[in-house]
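Participant: Chains as they are written, first to last, in our numbering: chain A, -10 to 440; chain B, 350 to 400.
Treat the hints loosely; a few may be bogus.
A few chain A residues that face chain B, going by a derived Cβ cut-off under 7 Å, partial list only [what the hints assert, rightly or not]:
(1) G349
(2) P350
(3) N353
(4) L384
The hints are simulated quantities; they were obtained by calculation from the structure and are not laboratory data. Glycine included, C-beta positions come from ideal geometry on N, C-alpha and C.
Listed below, chain by chain, are the residues.
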Amino acid sequence: MSAAEAISSAGTGGRALPPPGLPRLIPAGAPLSLNDHVARYGPVPFRDGGSRGARDLIAEVERAGLTGRGGAGFPTGRKMRTVAEHGRRGGPLRGQVGTVVVANGAESEPASAKDRLLLTRAPHLVLDGIALAAEAVGATRSYLSVHDGQDELALQLAAMVSERDRYDQNRVPVQVVAVRRGYVASQETALISQLNGGAPKPTFVPPRPFKKGAHGRPTLVQNVETLAHLALIARFGAGWFRALGAGAGAAAGSALVTLGGAVSRPGVYEIALGMPIGDLIRRSGGPSEPPQAILAGGYFGGWLPYGQALGIPISDAALRAAGASLGPGVLILLPESACGLAETAWIAGYLAGQSAGQCGPCVNGLPALADMMARLAFGRPDGRALGWAQQLMTLVTRRGACHLPDGTAAFAGSALRIFEDELRRHAAAGPCDRVRRRPVLPAPGHSWGPR
Amino acid sequence: MCAELLPELITADPWGYPIVTPGPVPGSLLPLARRAVAACPTLALLLSDEE
Chain A
-10 MSAAEAISSA GTGGRALPPP GLPRLIPAGA PLSLNDHVAR YGPVPFRDGG
40 SRGARDLIAE VERAGLTGRG GAGFPTGRKM RTVAEHGRRG GPLRGQVGTV
90 VVANGAESEP ASAKDRLLLT RAPHLVLDGI ALAAEAVGAT RSYLSVHDGQ
140 DELALQLAAM VSERDRYDQN RVPVQVVAVR RGYVASQETA LISQLNGGAP
190 KPTFVPPRPF KKGAHGRPTL VQNVETLAHL ALIARFGAGW FRALGAGAGA
240 AAGSALVTLG GAVSRPGVYE IALGMPIGDL IRRSGGPSEP PQAILAGGYF
290 GGWLPYGQAL GIPISDAALR AAGASLGPGV LILLPESACG LAETAWIAGY
340 LAGQSAGQCG PCVNGLPALA DMMARLAFGR PDGRALGWAQ QLMTLVTRRG
390 ACHLPDGTAA FAGSALRIFE DELRRHAAAG PCDRVRRRPV LPAPGHSWGP
440 R
Chain B
350 MCAELLPELI TADPWGYPIV TPGPVPGSLL PLARRAVAAC PTLALLLSDE
400 E
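Excised from the complex, chain A in its bound form:
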């Protein structure tokens, strides 16, 4: 069946069947062409009911309890409602102004691979999500961001956009844009800054993007995975979405998790939120070496001792209660053969180098913190380094335009708690042999070596 036939038959009652379990987002087999995508899911279920229809989708998303999958975990329905409201009353003479949807596919967390995978294996779900979000918030244009250098992917996506245009599956222009690489470059306001022709650096808020973002318009920025979930919720409903997951709060539905480090089968897994970490590790074939700890949440996350981690449900609420977070769904298993202090110091150095250079406390404080962590990990025993590290963590927190300083401080702080025994051993006897191990935690473009 061609895309045109599939789209025209949908109006005559052919209904797509909801995926009964997992996977929901990434089907087995090759990437779906538009033909196959429409044959499997039906065409984009535009509401076509004017503003009442748009509000129906937003209400459905709110009932579903979908939260952002880019790391911040903000309730998606609420964000859409806010952008739509600002669009309704934001123009000259308080009239309507066209809003903007930005789909963020430029994941900058080094250990995360889910967005790239989603864009290559289920791009039409993401594009459906963009189209539906655009209708719901009154957008007149949209953007899909990928990284600088992902030229082939950008071209493929642009070709898909053109094909969808022919069958009226977009409704608003979708521009595929390449944005600069960098840990903070794909943060919400940094992304918008680049769309506005500015630097890949976070900007101060207020005004927040939902009020004034791309081209001065109310802007909805969503991770590509969030939009893919939205595309399925629009077809199959809130009840279907919530049939997986631990339900309450931000643990509804399924999520893509990138599992890395010393596991037998590292990679991206789709899980029901609330699944215990131990179950996921078992599913991935178990540890590849004797395990020590797990880093949950990426580089703004926190460390968990391995034994304690196994029973913790994979959800932001449960992980935060345990001193870590979910972030963009990153879990990294640290083996016994590595030194947690060394790994943390190495990444603290990477993060310090990723500063946009705008805020004094970050520009000064993060390199100083990284230096203290390096002394604790690699240096001869120094009684003052721990105190200085703790002072620096307090000094940098919540004193920047973005969360780089806070996140780095939280990450370093959790290492000092979880690897307390390691700290004591280093303080007594200097660095252990394991600091020389090849790093487990990835850091692109960052050179490695104990000081």
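Start from chain A and add chain B according to the hints.
Facilitator: Positioned in the frame of chain A, the structure of chain B alone reads:
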């Protein structure tokens, strides 16, 4: 510089950047707060209306 203008609300960190006491600026201190923001050589201070 700002810490001298407005010691009630601002202290300096080791690099001279302002650490601001959280919470709204008391009305009596608003004129001084505006001067501190204007005087900051690195635009490290911002006075905003909370929405």
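Participant: Does each hint hold? Answer for all of them.
Facilitator: Consistency of the hints with the structure:
1. For G349(A), the interface hint holds, the least distance from its beta-carbon to any beta-carbon of chain B being 4 Å, beneath 7 Å.
2. Taking 7 Å as the C-beta cut-off, the interface hint given for P350(A) holds, the closest approach to chain B being about 6 Å.
3. Restraint check, N353(A) versus chain B: the minimum CB separation of about 4 Å is within 7 Å; hint holds.
4. With a least beta-carbon distance of about 6 Å to chain B, the hint placing L384(A) at the interface is held under the 7 Å criterion.
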